[in-house]
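Using the sequences and the hints given, assemble the complete structure.
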Amino acid sequence: MRRLPQHYVFILPALIVLAVVVIFPTVFLYYISCTNFDLAQGWAARKFVWFDNYRYLFFEDPLFWKSLSTTLVFVVASVSCETVLGMLVALGLNRLGSGLRRVLLALIIIPMICTPSIISLIWKLMLNTEYGVTNFLLRSVGAHNVNWLGEKLALCSVILVDIWEWTPYMVLMLFAALQSVPLEPIEAAVVDGANSIQIFFRITLPMMMKLFLIALTLRLVDSFKIFDIVYGLTQGGPGSATEVFSMRIFRIGFQHTNWIGRASAYAVIVLLILSPIFSRFTKLVKGNAY
Amino acid sequence: MQIERKPLASKILVTALVVAFTAVCVFPFYWTLLTSVKSRVDVIDPSVWFFKPTIENYVNVFTKRNLLFNIVNSLIVVSSTTVVSLALGTLAAYGFARFSFKRKEDVAFWVLSLRMLPPMAVVISFFVLGRLLHMLDNHLYLAIIYLSFNIPFTIWMMRGFIEDVPIEIEESAWIDGCSRYSGFFRIVFPIVSPGLVATAIFCVIQSWNEFSLAFFLTSFNAKTIPTIVTAFLSVTGVLWGEMAAVGIIAITPIVVFSFFVQKNLVRGMTFGAIKG
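If you read the protein sequences in the order shown, they are chains G and H. Each number in the working numbering comes from the position in the first sequence (counting from 1) with 363 added on. Each number in the working numbering comes from the position in the second sequence (counting from 1) with 4 added on.
Please note that the accuracy of each hint is not assured.
[Stated by the list, open to error] Here are the simulated BS3-like pairs of lysine-lysine, each with C-alpha atoms no more than 25 Å apart in a straight line: (1) G:Lys-649 - H:Lys-108; (2) H:Lys-68 - G:Lys-649; (3) G:Lys-646 - H:Lys-106; (4) G:Lys-429 - G:Lys-515; (5) G:Lys-649 - H:Lys-106; (6) G:Lys-573 - H:Lys-108.
Hints in this document: simulated from the structure, not taken from any laboratory.
Here it is as structure tokens:
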């Protein structure tokens, strides 16, 4: 028997485990998405229905397009606010003394490191209409009570909580990016009479672009996957007001109906939407994306 | 990057704004802490900021809700998945850092992309499979599934740390008769151990925090800490004080851990792809 090359001894155990816990379930998911498996009927009763589940999603399920647009609204609103706010705070941090900013940064990152489902509990406590501190503070400045988790504002509240939780991530990443920008070109620009807005857009931003795009991509993917915060705060409701894609998968497959086959088709669509972003991300990290 | 040309007033303004932002980040935790030590009467009155603290809520979550059971479940899952992924991941990281082979980078970047895999995409398969194998609500099953994100993470983190170790140190050991394996265990391993500790802390944090998989795949016996939200879903009749106490207990270890990995945060938050 030929001896295995030595690197196999190191990498194969991990790759075999990954094949079992990642490749196998993904292939299995594609298979389930082509069956009419229903939890209430049992595994043996399933039939292979080809792409019928997909036809159902696209043409019959009234909530498919709604949940897709809810997710897109959520992703665009939260990630853009996080990016802009994160950039502003990172620029501010950059002007502070190094002792103060180390302390502030250590505090700022707490929201993003904490258990997201527990975060949703904390905000449920804060946003409660009668007993919540948010409305108490609003009342004390003379405003009216706001029904944060009601039909109209629920999506908005979920977005706000996501912004609160993840802006720290953008601050951390963008601050690190700012720190990596060398001083000399900026000093030269100052000598040439450039103002700070010109310096930011023409020098600082282009030089931190790679890290900026990596942070942005990761946020986009993560916010598309959001489930925990929505489940803890609103469970997709009221009605379907905060029914993002992951929430829809949960409802169609486990909560309202037990249509696992259709839920799998949803999950396959999530994979298809995200996979170009995956490959874009790996290209970015390799450093030849632009 | 700091250019001193702004007047004092604008510096004070910037400081004030950043401090205000920090306060917004921290305030909910302060409020939760405050709520968790309020008595049953004070809890529903947000205008009470100063009062005599009580530990009643903390006692209740352990005696009535049996929180310890969930904590132990979390500890079992977190520790087993972390140990296994550190062992397998570090070995693989060494393979990626020190050998060159065909399509190495393709494999490495495939591993990296796994870290972004949506839990929703795999959870249905795991649920169906778990039902067929009668493995649902099982610590071991959950721990194995957590390997799907912990191993890719460990590989990328540790690859970076191992590449930081100069190869010359190892080469001189090989000349002295060390094999590749004992070179790895005796020379590289001790040098990268601080990086290993940081990686372990990140694995612990992300496994402790994981909700979606735990939510679908456990129901009672293996229910971990994050899934405890299911006990507080309805708004009426929620015991806010106990809910706050659960929150504080769940996040305190995470916050403490995060202080130990401050230096490696950027690296950890980009799956080791960027050496911060």
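Legend entry - Pairwise hint evaluation, Lys-649 of chain G against Lys-68 of chain H, where the allowed Cα distance is 25 Å at most: violated, 52 Å
Inset, instruction - Please work out if Lys-649 of chain G and Lys-106 of chain H have their alpha carbons no farther apart than 25 Å. - result: holds, 17 Å
Inset, instruction - For the pair we were handed, Lys-429 of chain G and Lys-515 of chain G, check the Cα-Cα distance against 25 Å. - result: holds, 15 Å
Inset, instruction - Take a quick look at whether Lys-646 of chain G and Lys-106 of chain H sit within 25 Å of each other, Cα to Cα. - result: Satisfied, since the Cα-Cα distance of roughly 19 Å is no more than 25 Å.
Legend entry - Lys-649 of chain G paired with Lys-108 of chain H [C-alpha distance capped at 25 Å]: holds, 13 Å
Inset, instruction - Sort out whether Lys-108 of chain H lies within 25 Å of Lys-573 of chain G, counting only the CA atoms. - result: holds, 23 Å
Going down the numbered hints, you'll see the structure goes against just number 2.
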